[in-house]
Amino acid sequence: MIRLPRLSWRFVPVWQRNYMVWKKLAIPSILGNLADPMLYMLGLGYGLGSLLPEVGGMSYITFLAAGTVAYSTMNAATFEVLYSSFSRMHVQRTWDAILNAPMTLDDVLFGELIWAVSKSLLSGLAILAVIWGLGLYGNFWLTLAIIPVVALVGFCFGGLGLVMNALSPSYDFFLYYFTLAITPMVLLCGVFFPVSQLPPLLQAISAWLPLTHAVELARPLVVGTLPDAVPLHIGALLAYGGAGYAVALSLTRRRLLK
Amino acid sequence: MLKVAGLCKRYGDTEVVRGIDLRVRRGECFGLLGPNGAGKTTTLRLLLGLVEPDAGTIELAGIPVPAHAREARMKVGVVPQMDNLDPDFSVRENLLAYGRYFGMTKAEIAARVPELLDFAGLAHKADARIVQLSGGMKRRLTLARALVHDPDILFLDEPTTGLDPQARHLIWQGLRRLIAAGKTIVLTTHFMDEAERLADRLAILDRGRIVVEGAPRALIESHIEPAVVEIYGEGLDAWTRDRAGTVCQRFETVGETLFCYTGDAPCVIDALKQAPALRYLHRPSNLEDVFLKLTGRDLRD
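As you go down the protein sequences, you meet chains A and B in turn. So the first sequence is numbered by my numbering: it starts at 1 and just counts up by one. So the second sequence is numbered by my numbering: it starts at 1001 and just counts up by one.
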């Protein structure tokens, strides 16, 4: 049975704990998180981009930069709540220790979720800095609206990833999620090429995927126009993340507190 | 300090806890003993409000659990069975991070740290990483961590399992200091010497029920003959058949050893002189004898 999460400010010490650990490893962590999407974006953007006149009405590197903002933040949140949260929950038993204090699982998972949002923000801001540096944007002020979008993407994929975390018997399990959910999304949601290039069936699937909503918000903001159907996209990202968090909470309760 | 009545917990068809009643007074050290799978850890989790009971009431430090488990846990320190210290942190940072979960500020925790490190004998290891600590040091740090918010009552789940004798004595020393300081302690263990040493009162738990409850000495006196002669060696079967019934008050054979319980050990030893092939060990009876008498000798795997 899913009961509604009870949120409180007690999630803050959980977030602080993760931040304290991250501070110690900040440099390699930032490099690891950011080098990969950055290399893809610059390599493909300039390499492949030089062969293409324009994509979706803009230079390919601009097109790709907007996609990269969405997918690198998706990855940042996903990796955090899969591998790192799983270490804390299952391997180190950190959550057990926290639950012996006056904390609830609602607090612990919410702290993990907000931490994943923080990692997404960091990753998104780094890509944004490259976009600013290379002048790949249309309107500087509109690119600032990408910051809350990035947080929203982190919330969405943090919530979804926590469900996988709750279900997983071991690290190997996460590979399924990557091959069956994350990779298809990267390919179907308009990160590397416009969704309109796909056959109708795949386009219809794409419309339901959370990453599509992220890309639909991020790309116009990079180019310098206002996105269409903003409430729909925001609503979809919030709904996926919120539902993920609620389901994850109930599954994790069954796993740890029985 | 702790009142439990009619506590029950089942998982599917298995009743893990079957109607437990307990009372622990302030300042008391209470031992919860039992073979593996007796329901000790489940009971502790129920008391902390981490698991919902199917029946029964719990009052911890005057607060009903699980209804107000969060408030109750503010007053409790927990030393879990498995170490779950934060491996990414130093000794000091473990205490800092943990205190925050109780709503303490950094300054409040920092003020407690020297005293806690001192108590744990880890002042010289304050900045060491967890992997650099021995098993005994980790346990002591876990104990110090459980004290970070100065709780009234302490729950310890098998605090010395896996430690060498020196390390166990250090933990016991620490616990005695806490008892002397007026803390209430609830401890589960399957080491009888640990329970005999520390507990003012104890309950033996078997198959989810309390089999017996009382002070260790009183339990030994009321449940078992004062002395035990353990007899083994060539010709034991014949001796058991011919003599055991007449010289022992009560006896049982376990594997290749005869346990002869008696109030008159010299008489047994005299009788053994006529069977020089047999070897024996004479000792006063202890809590383990009570435990094995009440819970049986079969393995609980």
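Among these hints, one or two may not hold up.
For lysine-lysine, the following DSS-like pairs were computed, each having C-alpha atoms within a straight-line distance of at most 30 Å [said to hold, decoys possible]:
#, chain 1, residue 1, chain 2, residue 2
1, A, 258, B, 1125
2, B, 1106, B, 1125
3, A, 24, B, 1293
4, B, 1273, A, 23
5, B, 1138, A, 24
6, B, 1003, A, 24
Don't read these hints as lab results, they were simulated from the structure.
Here is what the structure says about each hint:
At roughly 36 Å between alpha-carbon atoms, residue 258/A and residue 1125/B are farther apart than 30 Å, so this suggested pair is violated. The suggested pairing of residue 1106/B with residue 1125/B holds, with an alpha-carbon distance near 20 Å, which does not exceed 30 Å. Restraint check for residue 24/A and residue 1293/B: not satisfied, since their Cα atoms lie roughly 55 Å apart, outside the 30 Å limit. Under the criterion of a C-alpha separation no larger than 30 Å, the hint pairing residue 1273/B with residue 23/A is inconsistent with the structure, at around 74 Å.
A distance of roughly 22 Å separates the Cα atoms of residue 1138/B and residue 24/A; the hinted pair therefore holds under the 30 Å criterion. For the proposed pair residue 1003/B and residue 24/A, the alpha carbon gap of about 45 Å is over 30 Å, so the pair is violated.
Consistency with the previously given hints fails for numbers 1, 3, 4 and 6, ordered from lowest to highest.
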